[in-house]
Amino acid sequence: MFQILHDPKIDFMGKRRMWVGVSLTLVALSLVVLGIKGIHRGIEFQGGAEVQLQYSQAPDVGTVRELLGKSGYEGSIVTTIGKPEEREIYIRVPLVEGAKDQDLAPSVVAALRKAQGDGAFQVRSQSYIGPTVGKELVKKAIGAIVGSMAGMLVYIWIRFEFQWGLAAVVALVHDTIITLGLFSVFGYEMSLPVVAAFLTLVGYSVNDTVVIFDRIRENLRGQGGAASDLPGLINVSMNQTLSRTLLTSFLTWLVCVFLFAFGGPALRDFSFVMVIGIIVGTYSSIYIASPILVVWQEYLAARDKAKPEPAPVRQTAKKVRAGKA
Amino acid sequence: MAKGILWKVVLILGVLGTCAWLAYPPKDKINLGLDLQGGSHLVLQVETSAAVKSEIDLAVNRIGQMLKEKGISYGSIAPTEGTADAIDLKQTDTARSSDVRDILNTVVATWNVSPSGGDFRISIPDQARKQIEATSVETTLTVLRQRVDELGVKEPIVQKQGTAGDRIVVELPGIQDPERAKNVLQDQAKLEWKAVAYPPGITDFESWRPPTSKEAVTQLFGGTIPPGVELVAESVLQADGTRIEYWWPLQRVAAVVGNDLRSARRSVDQMQRNIVDFVLSPEAGKRFQAATKENIHKKMAIVLGSSTRKEVISAPVINDVISDRGMIQGRFDIKSAEDLALKLRSGAIPTAVTIIDEKTVGASLGRDSIKAGVTASIAGFLAVALFMLIYYRLSGVNAAVALMMNVVLVLGAMAYFGSTLTLPGIAGLILTVGMAVDSNVLIFERIREELRLGKAVRTAVDQGFSRAFATIIDTHVTTMVSAFFLFMYGTGPVRGFAVTLLIGLAFSVFTAVFVSRTIYNIVLGEQRTVESLSI
Chain A
374 MFQILHDPKI DFMGKRRMWV GVSLTLVALS LVVLGIKGIH RGIEFQGGAE
424 VQLQYSQAPD VGTVRELLGK SGYEGSIVTT IGKPEEREIY IRVPLVEGAK
474 DQDLAPSVVA ALRKAQGDGA FQVRSQSYIG PTVGKELVKK AIGAIVGSMA
524 GMLVYIWIRF EFQWGLAAVV ALVHDTIITL GLFSVFGYEM SLPVVAAFLT
574 LVGYSVNDTV VIFDRIRENL RGQGGAASDL PGLINVSMNQ TLSRTLLTSF
624 LTWLVCVFLF AFGGPALRDF SFVMVIGIIV GTYSSIYIAS PILVVWQEYL
674 AARDKAKPEP APVRQTAKKV RAGKA
Chain B
197 MAKGILWKVV LILGVLGTCA WLAYPPKDKI NLGLDLQGGS HLVLQVETSA
247 AVKSEIDLAV NRIGQMLKEK GISYGSIAPT EGTADAIDLK QTDTARSSDV
297 RDILNTVVAT WNVSPSGGDF RISIPDQARK QIEATSVETT LTVLRQRVDE
347 LGVKEPIVQK QGTAGDRIVV ELPGIQDPER AKNVLQDQAK LEWKAVAYPP
397 GITDFESWRP PTSKEAVTQL FGGTIPPGVE LVAESVLQAD GTRIEYWWPL
447 QRVAAVVGND LRSARRSVDQ MQRNIVDFVL SPEAGKRFQA ATKENIHKKM
497 AIVLGSSTRK EVISAPVIND VISDRGMIQG RFDIKSAEDL ALKLRSGAIP
547 TAVTIIDEKT VGASLGRDSI KAGVTASIAG FLAVALFMLI YYRLSGVNAA
597 VALMMNVVLV LGAMAYFGST LTLPGIAGLI LTVGMAVDSN VLIFERIREE
647 LRLGKAVRTA VDQGFSRAFA TIIDTHVTTM VSAFFLFMYG TGPVRGFAVT
697 LLIGLAFSVF TAVFVSRTIY NIVLGEQRTV ESLSI
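Here the protein sequences come in this chain order: A and B.
Per the working numbering: the first sequence = residues 374 to 698.
Per the working numbering: the second sequence = residues 197 to 731.
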């Protein structure tokens, strides 16, 4: 049998304070980065025009930029895109105040064509997004991410208990913030597919958490529905599921790496989020979600100190479905 | 092979075969999104306020005109300053306030009227206003559909979008010249009423119908169409579904044009027959009066078109001299009367649209995207399959078969439902493979655990599957929840991604659990006592 892990006995919970500290630091750093550097918003979110051109001869970005400046398109971004032999450039023009915006993309193309001649390039793609659409999309994107997290909370609440759902969602918020932070550090740009990636990530990274939760519940049931040593029991459960957690995360991660490497420029930002997010998500399933269960129990225990019996994490028998042998 | 297994195998092969047949060849069977096949995606904002404004202007005109006709003195009538949906009528003769009331009841019966002395504030209630806005969107939709047909694009999409319902999405796959398309879409609709120019020798003006070819009409005129006459086709749907074109000879100079028409609605006459009521501007009414007088008991064609194409939509007989209010009778049912009214309005109401979102992808970029997406997917799939083979040996083969089947099923379902595959959709497809393999790993790890506990192979396999099942359902539901939100949030390419993800996840329960299980049963069933399992 080929195994990466032989009966692991790692003490995850023993160092939980350290890891929670690490995570809090990372979250804080991410928030600082987001506050200072912010996130580049793609034209979908701020409005403007985007043109991708393929030149018949190697284009000079400087010349194009100069031409655009002369034609009155101030603040345009001009970069090369793709492989050098594809001779493609990418132009982004912000909305011009008071201009007839809807013709922005074609007029940029027309201006360049006039200056560089008809056969100089062909248009690979062009887009225009009006100012109102962008604002709506930001709202909708936030709504979708918050909505899907709420959906997770409710589902896990139904299947487990409220604090389990809460723990999973805290881990998700943690993943989203740190991935956003790295997204900002690397200077990627927020676009529709990137929002899609974040939503997928929310759905995916909760998987590891749910698998571990399922095992914890199964083991709890084995002990009659309550554990006197919850951290110990969680440790055992995590070690039991560890090879699965690492394996599946690795495989999905691998797929995303291939998408990142070969999927072309259009999928790069999308796969970047997945590549980073899967790592963060796997980490948080182990070091964030489950410790919160323990913290919850400790909180309950502290609150109920006056009472003679310690309050264990309850898991009502009727809700247990996993592990029916 | 045991009977229980046999029907499972038949079911699996049946599903697989059906999906493969549905999806093969994928090039023809799967709808490609605009980002893959190239084309234009446009979102148009309909200026519904223009329709409300034109309704207000009409009311101002008509009320003013009727006050004058009845000799009621008034100070002024105009749209209320600073609002878009109210009219101020000032300093009417207070002695004749009941007459003023009557006029208001005729012209704007359903509107809110608040009098104070001789002044009246007339405003459109929300309900009526929404009705006007909805009508203008419908009208614009009709016009746009007609225009898109003119472009000759294969499988275009023209539909309403957005919660306010005042946006229209137009998708034009494979379009070569987006500029021309945009010009055609934003072209103003043109409505003209033109008297029929009868060929010599026709006496029965009311029932005459022109021939179905240009040549035949020209023959009727003795070989040449006179100057000042033009031929416009009326396309009539036959009972058998084919269309016949009647070529009407019409006066080039229009009696009335679209802007003259103030409203057109379906209504019923005293006999409870469906008719179309229309109102012209007072000034056009005078012209129409002269034209109808001259052509009484003859036909008047209504021509709708853009700057590139024209079509006769109806050719009613003029029964009376009409000034600014008239009706069109015919053998209308409710729908055909509504349709005619809509067509009339589409030439009358300003169908101003603004492009608020445009995305055009060239066909060459689309091809490159397909190439990149497919390369990445195949590489990703092979990597996952290879890993499973090395790590789980023969059980890895089982997983690889299940994964491969998952991909085929997703493609089959997409072909069947006509879902669109986009570039993010390709990513979704391969990502599904990454997620579907999770179920296999969950099961295999569980089986290994049971084996380690010293259980017999069959028991270990049984328990591995049944114990992992609840977990598999949980992980799938959570991922599908977020995919669902993604579907609600996204448009176009992103929605395509959510669709492939949702379908893929649904099938992965089937492939990873049911199919894998059956494969195990077949393999293990052949031996009486199973000594070991390759896992």
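Heads up, some of the hints might be wrong.
[As the list claims (entries may be wrong)] Calculated cross-link-like contacts (lysine-lysine; reagent style DSSO-like; alpha-carbon spacing at most 30 angstroms):
| # | chain 1 | residue 1 | chain 2 | residue 2 |
| --- | --- | --- | --- | --- |
| 1 | B | Lys356 | A | Lys513 |
| 2 | A | Lys456 | B | Lys264 |
| 3 | B | Lys286 | B | Lys326 |
| 4 | B | Lys350 | B | Lys223 |
| 5 | A | Lys512 | B | Lys264 |
| 6 | A | Lys410 | A | Lys487 |
| 7 | B | Lys489 | B | Lys264 |
| 8 | A | Lys456 | B | Lys223 |
| 9 | B | Lys356 | A | Lys508 |
| 10 | A | Lys508 | B | Lys326 |
To be clear, the hints were calculated from the coordinates, so they are not data collected in a lab.
Here's how the hints hold up against the structure:
Proposed proximity of Lys356(B) and Lys513(A) is supported: the alpha carbons are some 18 angstroms apart, at most 30 angstroms. Restraint check for Lys456(A) and Lys264(B): the C-alpha separation of about 75 angstroms exceeds 30 angstroms, so the hint is violated. This hinted pair checks out: Lys286(B) and Lys326(B) have alpha carbons roughly 27 angstroms apart, not beyond 30 angstroms. The suggested pairing of Lys350(B) with Lys223(B) holds, with an alpha-carbon distance near 16 angstroms, which does not exceed 30 angstroms.
As the CA atoms of Lys512(A) and Lys264(B) are separated by approximately 53 angstroms, the hinted pair breaks the 30 angstroms bound. In summary, the hint linking Lys410(A) to Lys487(A) is not supported, as the alpha carbons are separated by about 38 angstroms, beyond the 30 angstroms threshold. A C-alpha spacing of about 25 angstroms is found between Lys489(B) and Lys264(B), which places the hinted pair at or below 30 angstroms, so the restraint holds. At roughly 27 angstroms between alpha-carbon atoms, Lys456(A) and Lys223(B) fall within 30 angstroms of each other, so this suggested pair holds.
Taking the CA atoms of Lys356(B) and Lys508(A), the gap is about 20 angstroms. The hint holds against a cut of 30 angstroms. Of the pairs offered as hints, the one joining Lys508(A) and Lys326(B) holds, with about 24 angstroms between alpha carbons and a cut-off of 30 angstroms not exceeded.
The structure shown violates the earlier hints numbered 2, 5, 6.
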